[in-house]
Amino acid sequence: MKYETVVGLEVHTELKTKSKIFCGCTTEFGGDQNTHVCPVCLGLPGCLPVLNKKVLDYAIKVGLALHCDILGFNKFDRKNYYYPDLPKNFQTSQYDLPICLNGYLDIEVGGKTRRIRITRIHMEEDAGKLVHSGSTISTSDSSNVDYNRTGVPLLEIVSEPDMRSGEEARAYVEKLRSILKYLDVSDVRMEEGSLRCDANISVRLVGDDKLGTKTEIKNMNSLSALQKGVEYEALRQAELVDDGGQVVQETRTWDDGKGMTLSMRKKEAENDYRYFPEPDLVPLTISDEQIEDARKTLPELPDAKMARFQDEYGLSNEDSRILTALRETADYLDATVKAGADAKGAANWMLGDLSKMVNEANITFKDAPVKPEQLAKMMALITKGTISGKIAKKVLASMWDTGKDPDVIVEEQGLVQITDTGAIEALVKQVIADNPKSVEDFKSGKGKAIGFLVGQVMKASKGKANPGMVNQMLKEELSK
Amino acid sequence: MTIHELHQKLVNKELSALELTKAVIAHKEAVEGQVHAYLSDSHEQALAVAEAVDAKIAKGEAIAPLAGIPGAVKDNICIKGQPATCASKMLENFIPPYNASVIEALQGQDFISLGKVNMDEFAMGGSTENSALAKTTNPWNADYVPGGSSGGSAAAVSSGSAIWALGSDTGGSIRQPSSYCGVVGLKPTYGNVSRYGLIAFASSLDQIGPVARDVTDAALVLNAITGHDDHDSTSIPGQRPDYTKALVNDVKGMTIGVPKEYFGDGLHEDVRKAMEEAIETYRSLGAAIKEVSLPTTKYALSAYYIIALAEASSNLARYDGVSYGLRVPADNLVEMSTKTRTIGFGPEVQRRILLGTYVLSAGYYDAYYLKAMKARRLIKEEFDRAFEDVDVLLAPVAPNTAFKFGEKINDPLSMYLEDICTVPVNLAGIPAISIPAGFASNGMPIGMQLMGKPMGEEAILQAAYTFEQARPECNKVAPTGEVQL
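Listed in order, the protein sequences are those of chains A and B.
Going by the numbering used here, the first residue of the first sequence is number 38, and it counts up by one from there.
Going by the numbering used here, the first residue of the second sequence is number 6, and it counts up by one from there.
Derived from the structure by calculation, the hints contain no laboratory data.
We treat Cβ as the ideally placed atom computed from N, Cα and C, and that holds for glycine.
Heads up, simulated DSS-like pairs for lysine-lysine below, C-alpha to C-alpha not over 25 angstroms straight-line: (1) B/K376 with A/K112; (2) A/K427 with A/K512; (3) A/K112 with B/K379.
Heads up, incomplete: computed chain B residues facing chain A, CB under 8 angstroms, no partners named: (4) A89; (5) Y103; (6) S208; (7) S319; (8) L338.
Please construct the entire structure, taking both the sequences and the accompanying hints into account.
Structure follows, in structure tokens:
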């Protein structure tokens, strides 16, 4: 590759506080148009903002989780621009003194760890939503404004241009989402817009220090759209430069259907937002004590959990990564181990059958009908020899469907393993008598034939025979 | 008549609140043809509250000092269900669905408002000539402006069409019209009174305050509206004193500072003379007089106009025709907003939005806004140092007395210069009171300004009250100003 892709991301995440950032309205998603509004978030004359303290708490948590400096003195500013979804025609945001500066996030791509620096994190209010009568603003006769989202608290997390591919950009957002979920501060649903991501992309010759002219890509509403968008745009720019052209600084939108970025507006100069300190809010002072208190409330974060899963549970790097991506999954494993299960075994069940069920049901492990204690019980039944691993799969499926304990299911369905030598011997003899061809094959040295015969015995026992015993007894019988 | 006199009459049952309210309404109807202080009326609500107050008195219940005593409210302070026009075409039909916090507080004290009063559009101006909706005249002489921007509040109290009024003061908008109309006006410490529901001109400078007949009434109104408010982040926390306790007729041991920068070249001789007499009065009453110097005063006017207009350009951005207020139809959004703002805002408001936008623009921010903020800090620090040595500062409210209609309206700069004595107080966030201090040779009232340290309202009230007791001849009622009971 002649060119290197350079990506910086601006991620907006809606905080899941109960009420909006500057008023008491609910932040709930949806609702009839303009029902989650009040004079303050509508920006009616004379109304004043009051900061929701939860927003500050959440911002500090996120800042600490991303290794940022928390600014003991920070303030809100007004970002002035006219747009009908912005009732005051300014957005209350943070400019030169944001709540957090200088953090980082480690990502892992292709087995290599990369540190992505975070420039800043700031608090701001979300805007409303335009509802056009047509499909786009320019083809519509009229537009309505829905102010339900106006004033929902946002954190804007700005990275340095430290990512070098679409894959890295995706890994960064994936990791960021994971951390925000762990902190329980945001729903981080890209499709619903509770996490939005704009990418600044440029290309340069490998080895070059200077950044190329960047474009800003919007409207990448999923992780795959982000990766594809970055890859497409980098390729577009590289081809453009290769053909002797020049990248124009502009804002482009990702068209997921067409699989390409399209020009939205040229940016001849920086927009002049005429920032100035928000006079309706007093500057915020945060004490060291407040920061330390917040630090104490931080949960164990993915990186730390991953390290622990490898050290304590002896899991592989890859398995630990998968099991720690979501806090619910990691908590499930911890709870199963706490209930007495072997960690590696539990991890296998979780990565295998349970993951499939959880994914199919479109839920997280937290809401799985099979509770960690029940999984541990089921695993104990295998260890005790009450059921075979194969039967266990059946039991687990029933547990999922009914929510019942594994011993109840084994009892109800008569799934107790047959370990009675006499019963198994009868089945073995019967199968040998019924399959002379396979017996012949085995005797003539085709070792594989034993597998078929074991399968026949298991089938005859409706899966309940102890497979080890079947194997052993078959071999004994055939060598007679 | 004053609040405290009328309150006694109500309590002693010499007069009912209903009789009083009807009498003031009748008087109002008689003088309004000339004065035009009001933009809208709320007589029905006023009479209903008056009856409720009378019922309380009949039952022997205690009533609040302001209960049943008709007042008026500047039209930039929101009263639920009543127009709040800011004297602008932009908000001519705007009816807020909420009360300002001061109105909430007053309604808990059975307050009576006879209506909303005129002002310079969005509180921008010093003569009320910038009102897009009415021309208010000075009750002392109808050829003269009432001052502004709270011209309606001052004219209503001066003409007797309200016993008291609420105004707002961003750079002198309570004190200057009070001075021009010969009444008392108090600008509280920034944060003493909640701004919630006050339609913003310049958020870091605006403050609601009383316009009243005398110092006692000003203290009573301040008592009624002061206090911390959770809805205003800039509201000062903590308990407030009973400001009437400061009404002590004594200045012995008090040091009154006279900042020489307020007595410069542009000062009218009559005003200078009145100030000198006031200083002599204080000296004779036992106060120590100390000349002080506040050299950064010379930057105050420039700093004020930069900061105030910067904030205003942003505060007034919301009036775009999208969801409330005036909308001038057009083919597309940008054209609609542009037309709405061009037609909805008067020339002074447009001038200020343009200037404010300019000083915040990239490349100019450092030279204007940032520098102005630095000057503001220096001004505040200078006041802080001055108040280490003095209890109050004495100065004129304005270099001149009321001027005639049309005299300055086409010369914005000379209009702005009338604010030179009042804006430093807003920049520093300190309290100041304007009280009548005599009359010019043309018969128009002269106002004296007493400034105090932050939350030092008590000291200025005491000094003002003592002066008022010593010099009753300064506080006369305007020719048509007395209500017949």
